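Chains as they are written, first to last, in the working numbering: chain A, 76 to 682; chain Y, 11 to 229.
In case anyone wonders, no lab produced these hints; they're calculated from the structure.
These figures come from a predicted structure and were not determined experimentally.
Treat the hints with caution; some may be incorrect.
Stated by the list, open to error - Cβ-to-Cβ under 7 Å is the rule here; a few derived chain Y residues that face chain A:
| # | residue |
| --- | --- |
| 1 | Asp-78 |
| 2 | Leu-92 |
| 3 | Thr-95 |
| 4 | Ala-96 |
| 5 | Asn-99 |
Backbone N, C-alpha and C fix where the C-beta goes; we use that ideal spot for every residue, glycine too.
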Amino acid sequence: MERIVGIDLGTTNSLIAFIDGDAPRVIADPLTGEKLLPSIVSFLEDGSNVVGQEAKARATEHPLTTIHSVKRFMGLGMSHVSEEDRLRYRFVETQGSGDGIVRFTLLGKFLTPPEVSALILRELKARAEASLQEPIKKVVITVPAYFNDSQRPATKDAGRLAGLDVVRLVNEPTAASLAYGLDQKEEGLIAVYDLGGGTFDISLLRLHTGIFEVLATNGDTRLGGDDMDLRIAERFVFPLLPTELRQDAQILRAALQAAEQAKKALSEAEETQVVLDVPARNVRATCTLSRRELEAAVEDIVMRTLGPCRQALKDAGLEPRDIEAVVLVGGSTRMPLVRQRIGAFFGQTPLTDLNPDEVVALGAAVQADTLSGRRRDMLLLDVVPLALGIETMGGVMSRLIERNTTIPTSVKEMYTTAVDNQTAVDVHVLQGERELVQDCRSLARFKIPIEPQPAGVPRVEMTFMIDANGILNVTATDIRTGRERSVEVKPSYGLTDEEIERLLEESIDFAEDDVSKRLLIEARTEADTVLNATDKALQQNATFLLAGEDIFIRSAMQDLKRAYEGDDYNLIRDVTEKLSEATTPFAQRIMDASIQDALGHKRLSEI
Amino acid sequence: MSTVQEVRCWRCAHQHQAMLFCPACQAIQLVPPQADYFSVLGLPRHPALDEKLLARRYYELSRQLHPDLYQTGTPQEQEASLNNTALLNRAYRTLRDAVPRGQYWLELHGEQLGKENNRVPPKLAALVFAVHEQLEEASATRAAGKADEAQAELGHIREDLHAQLSQLRAELASNFSQWSENETQPGLLQALKTTLSALAYLHTLLRDVEKESEASWNV
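Next comes chain Y alone, as it looks inside the complex (with noise of 0.2 Å):
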């Protein structure tokens, strides 16, 4: 797990522990590359996070770091700034969704997802070819000249998978609020990995959904 490093400002050389400033003389400083996004938004390592609180660190931040507050400041300062805020910026993407922040944390603990999960879930391929299926059916039906009827095929199809997504969504905050601080639990990673792999499939035919409701809106 990470521990704290020591680093030295660029403009005094004051030794502190990785501070966005100065602790001696305020200058803004680098945030070292291999901080972990929690810990760039100042928030405990672990994956169920209070949002709102989240929020307002990435807002209190920005105030803080972004370059337009540094346009007169020195090359250093503007380098800092620019630095820091691309990286509060992919954090706080990545943190701010429970889909990117669970795929964080399976890379913070050495997983990727489909790197070896080739074989898909029975249920989930059954689901894939049934989606597919009726997004022909509404392909027809806009072919037949019904626009209307097309999308309401589609909004049914749409709600459909919503509904799992949800679930899904809710698969994902209960795995996330049975991991402990500081340990890797394989069985937890095992479950997260399912999980996320199912999303991505749902929000692909989502997608696909879309792709033909906007095919029917343009007719």
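Bound-form chain A, shown alone (with noise of 0.2 Å):
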């Protein structure tokens, strides 16, 4: 049974777990023995990259060439960056509508964000090989509940982009709760809260013989951490320089690192020093932050997590007092004011038995198990996080599957034509709650092609399909003709199967175990063999030809040296394959003979 690891590509860090034994495990770095890898790549002048600690130890000194909390921009367009955003990166501003997917240029070469995250996805895959001596090649990885339908694509070409097959997409709230399941045989209602860096999600599921049922979901994919880290550097740090300095690039990431290192001392100590230095620029700046001041400034922020909460009881048909345990997830939950407040709200000490940090990554570990078709004991029912329906007339959005739908779900919708002759329908596929096409997100648009006829007479059923990862899928059904056709949809903000295509040729290591070469070699070893076989076979077994049959297969041959000299690995099997034939008859006459000699001796020691 192939093995399959579990990834939580996170906002601040990433780990990779798989099952040892019974029970799943985080890998660490073999090196230096750190588990938690930092989201973090940093570009280099001679083309290269690093990532993870060394990464982070550059981020200061070349802010522009290092790339942060690149999930945030996952699935993301132009239009969704913020000003703040563009202080921190460097993006490619496209022209005309100034939408289409985000990417950053380094050092002249332009990046998505997929790519970034497939740098992280690589190294992770190179510390599991590393540890467990086997190559990685299928990977569970886990995403905020709340990605939408561009965001979960997004994360699956990150995977196809660092070369691994990503079996399957699993909610971070819902993996938590099964690392939590596991742990505690839970039975009942529980909440699960999760505060990352970037991202905030919670979950109701419903546990019970094994089966974790989520009931609803809500969350917002820009709060976490990250934001808290920006209100220190705004509120204290920056007003310690002169304003000159708080748009520059270099002094606002230091900033940031020195509002982190702040903000995690406080979850410990009641006050600590916030330390601003860059010799390089000569800037130095400390000041004391006491627990109670920060949580008066990162209060709103705490707060803003609430209303999904509420958001998510009222769909569940729920009240606090009705959810039996509450789970922290996420760095962010280390913080006593979130503990308290989360407290607060459910009426009950939240759970903290299992490492925020890791919780996630052995959950993902656990459904990994699971899909591998070893584990047979749990079950995960997950819901989609946003509504799903398609643009009607006057810019309304049509509602065809409601939000906290279990899936996989499908739904069926008709279409025909309003003109003579209309040779295609366009579909603008939306995601998000709102009513109005300009307020969702964008997912997709396709035309499906139609045969030209009368305004009204085609007739064209349309399956939305939502698979378990969460992910849309589309096909059309001609209902007269009962042919179904695949629907090229074109994602809004993300990237194409051909420019997947084009970047996994592109990039240069996958070269080596590029999949066609290693078909060429195979395909070569193979002719070789067959044609040293049948010049042995000519040179001491001629007596068995029949007349004209030696030009026959030597012509065979001859086709067969030509195609070995070009690189055309099928061209090679087929001529391969007519050598084989060619010599078959003859192969057998061989055969036949040395058969009819081994019983002719039998029979003369028989005598």
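With the hints as a guide, dock the two chains, each given alone in a separate frame, to form the complex.
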């Protein structure tokens, strides 16, 4: 059974875990023993890059060539990028509409968020391969439950670009519940509150007899510890600096790091020093920060998580007191303020038995175990976080699938034409809870080709299927002919299949394990074997050849030798096959003779 | 009414009565798309159903059909698992609550809510006007800066609507229990339509109340 590992591709840190015997375990860096890989990539002048701790160390000195929190940009378009973001990153500004997938520009290279994420995934893959001493191909990757249908395919694309087969995307809070359920054999209603570096999720689940059923989920994919760091920097560090330095990328990066450090320290201590130190720029500033000051500064950010909690409870038809256990996930839940506010909201002390940084990766490993077929006692029933629909007349979104619908789910919709001889119907797929198209997220547009007929005559049935990854697939069936065709969906803010193929081809270290090269080598090896065997038979057993057979076989050998020089492995295989066929009667005769021979000898010995 | 249909197993060609798993080779079978939601869940085709049994069946079938269990299977198995689970999820979502179940029951009898139902019963129209008037008052209270008072007013409207809701749900349950299995009863069908349409109005009103209530929270 092929091993599948679990990956938590986080905003701040990423982890990789596997099932060790019966229990999930996070794989540490074999050299440093570190379990968390900072989700940071830094690009060097020579075209190479470093990931993780090394990249973090370069961040202050090279702020614009070091990418932090790339997860915040997954599946987004340029129109979603804020002014704040533009201070910290350099983007390719697109012409015209100003939209299209986000692209970072780094040392003359243009990179999309999935490409940057792929570098983090490669690092995790290498770590696991070094530790487990086997190649890693199949993975489960976790995503925020509230990730939409642009952000999910973007995550899968990152996996493909890292040379991984992403067998499943699992929602982070759901994964965390698996790790908890495993530990405690829980039954009943639980809430998973997941506040990470950049995203917030709340999921409510019913656990019973090994089934983990998500009742409702809600969240904010742009809310997390990063926002608190920025707030601390703005409120406490910037006032210490001359105004012109506040817009400086290098100083901003250092200020955010100082803020993060102070925030972490204040989860333990009552008071700490915020230290901003950039020797290269001769900037140094310090101040004292108390936990009370910190809490007053970030309180509104923490309170913003309660709205989604209320909405999820309402959707599930529950009251806070119905929840039997509250599980805290994500580094930001280490803050006493978060624990206190969430405890007060649900009227109970939250569970923190498992390390909030590791629990998602551990759960991903558990789900990977189920998917590999080794485990059959646990089953996840997850939901789609946002309504899905299509644009109708007047810019209104017509909902096809409501939020919190259990996945997989499908819905059929009939289409016809409004004008005579129309040759296509345009479909615009949207996701979101608002009524107007302009307030929803555009997922994809496509055309369904239609044979020209009078208006209203064509009947095309579209099937919108959301699979177990929460990803949309569309098929169209012509009702008259019964013919089914797949629909080419053009993602609004994603990479097309062709773009991914091209990126894979361009990636240099991919050439080493290029599949076609491997197939070519295999085909040539096979051709060698057949050529040598034929040559040998022609020399040793020429007496078994029929008239003219010799020429026939030699011409087939010539064909193969010619194909061998080229690099078309399909052709080499075909011609090898032809040569084998050409020599089959000849080989059969040799075989028959040797059997006769063997029998003859036997008879002699019997005399 | 539905007759049991014979299908052939995609793997071993054994003929069977649209079972979920082939009786001969145990391969997962694609549920015919025209199967009704009751039969998908293995329940009698009747609107008054045992909700506990429904949930139990749903979990049992999920444990047999879910795509997670066919990750290492053949493409045919994966396709059958995906389609069956999508159908199972839809069937469960429709049947577990009396309102969508009632609407589905109408559909099974060739009827649909809101098609030719343009006439609003006078009693309902009066209710809609009354509630909207109350909502405007609550909104005015909120605008005057008395958010707590506004919430209290909304609480009263909500209570009122919920009381009517439970009454209508009781009507629905009583309607369901009067159906006999294999015949269409026009009187019951008409009554069902009336109750469901009243429920739809009430749900819309409740949504309006929630909208106003959220606005008060966010002050």
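Consistency of the hints with the structure:
| no. | hint | in the structure |
| --- | --- | --- |
| 1 | Asp-78 | 6 Å, holds |
| 2 | Leu-92 | 5 Å, holds |
| 3 | Thr-95 | 5 Å, holds |
| 4 | Ala-96 | 4 Å, holds |
| 5 | Asn-99 | 4 Å, holds |
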